[in-house]
Amino acid sequence: DAKTTQPNSMESNEEEPVHLPCNHSTISGTDYIHWYRQLPSQGPEYVIHGLTSNVNNRMASLAIAEDRKSSTLILHRATLRDAAVYYCILRVSGAGSYQLTFGKGTKLSVIP
Amino acid sequence: GAGVSQSPSNKVTEKGKDVELRCDPISGHTALYWYRQSLGQGLEFLIYFQGNSAPDKSGLPSDRFSAERTGGSVSTLTIQRTQQEDSAVYLCASSLDRGVGAFFGQGTRLTVV
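Same order as they appear, the protein sequences are chains A and B.
If you count the first sequence from 1, you need to add 5 to reach this note's numbering.
If you count the second sequence from 1, you need to add 4 to reach this note's numbering.
For the record, the hints were derived by calculation from the structure and aren't laboratory data.
Quantities reported herein were computed from a predicted structural model and do not represent experimental measurements.
Ideal placement from N, C-alpha and C gives every residue a C-beta, glycine not left out.
Accuracy of the hints is not assured; some may be wrong.
Subject to a maximum C-alpha distance of 25 Å in a straight line, what follows is the list of computed BS3-like cross-link-like pairs (lysine-lysine) [what the hints assert, rightly or not]:
no. : chain 1 : residue 1 : chain 2 : residue 2
1   : B       : K61       : B       : K19
2   : A       : K8        : B       : K61
3   : A       : K109      : A       : K8
4   : A       : K109      : B       : K61
5   : A       : K8        : A       : K74
6   : A       : K74       : A       : K109
Some chain B residues flagged as far from chain A (calculated, every beta-carbon gap over 12 Å) [to be verified]:
no. : residue
7   : K21
8   : D67
9   : Q84
Ranges between beta-carbon positions, derived for each pair [as the list claims (entries may be wrong)]:
no. : chain 1 : residue 1 : chain 2 : residue 2 : range
10  : A       : R86       : B       : G32       : 26 to 32 Å
11  : A       : T35       : B       : T74       : 28 to 34 Å
12  : A       : D72       : B       : D22       : 47 to 53 Å
13  : B       : G7        : A       : K109      : 21 to 27 Å
Same shape as in the complex, but just chain A (with noise of 0.2 Å):
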């Protein structure tokens, strides 16, 4: 299984940006790259998810390293409701399953 390394946990003032790093250096050529949240009490949120491209939504930017190795999520002005633990996924493709692993992520405080 391909797997993801992430801190254990970051900081972040509020209203300023995050960048939360994510590695896969066995990440294959057609794996997408997938980024959940989980607030607490509640059940994970997905984020964003990209291949190679850089992308953007209304709640973050995924920024992706030329080789595919590496991701960054970007949260462009933390808020106290972005506190969380941030998953980085890669969603494996190919024939057979295409489960989500969820490893331990990375836990996001947000300072006021």
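Using the hints, position chain B against chain A.
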């Protein structure tokens, strides 16, 4: 509703009893997933359905666990002869297709006493 709906939201059962947990995915979503999350732990994959393909059951922890998905829509996760270690939040998710983002329900909190 617009999102993934799970019922019941909470279930307390006695050890040894069977339980059924229900998941209504987003309409039109062909992929459906079940996960569980024990207190303070990460998400553990249980089973995955995709269209009419055979489900990926590789995450089911024992033969007491089973799931079905009828008509490509509603799914039921059944746990037979529940044990205390089955206590967890059971989460269901669905996605439009295999490669896109999945949307999770709020989960069913199962407590086995």
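For each hint, the structure was consulted:
{"no.": "1", "hint": "B:K61 / B:K19", "verdict": "24 Å, holds"}
{"no.": "2", "hint": "A:K8 / B:K61", "verdict": "20 Å, holds"}
{"no.": "3", "hint": "A:K109 / A:K8", "verdict": "11 Å, holds"}
{"no.": "4", "hint": "A:K109 / B:K61", "verdict": "22 Å, holds"}
{"no.": "5", "hint": "A:K8 / A:K74", "verdict": "11 Å, holds"}
{"no.": "6", "hint": "A:K74 / A:K109", "verdict": "19 Å, holds"}
{"no.": "7", "hint": "K21", "verdict": "25 Å, holds"}
{"no.": "8", "hint": "D67", "verdict": "20 Å, holds"}
{"no.": "9", "hint": "Q84", "verdict": "23 Å, holds"}
{"no.": "10", "hint": "A:R86 / B:G32: 26 to 32 Å", "verdict": "29 Å, holds"}
{"no.": "11", "hint": "A:T35 / B:T74: 28 to 34 Å", "verdict": "32 Å, holds"}
{"no.": "12", "hint": "A:D72 / B:D22: 47 to 53 Å", "verdict": "50 Å, holds"}
{"no.": "13", "hint": "B:G7 / A:K109: 21 to 27 Å", "verdict": "26 Å, holds"}
Consistency with the previously given hints is maintained throughout, with no hint failing.
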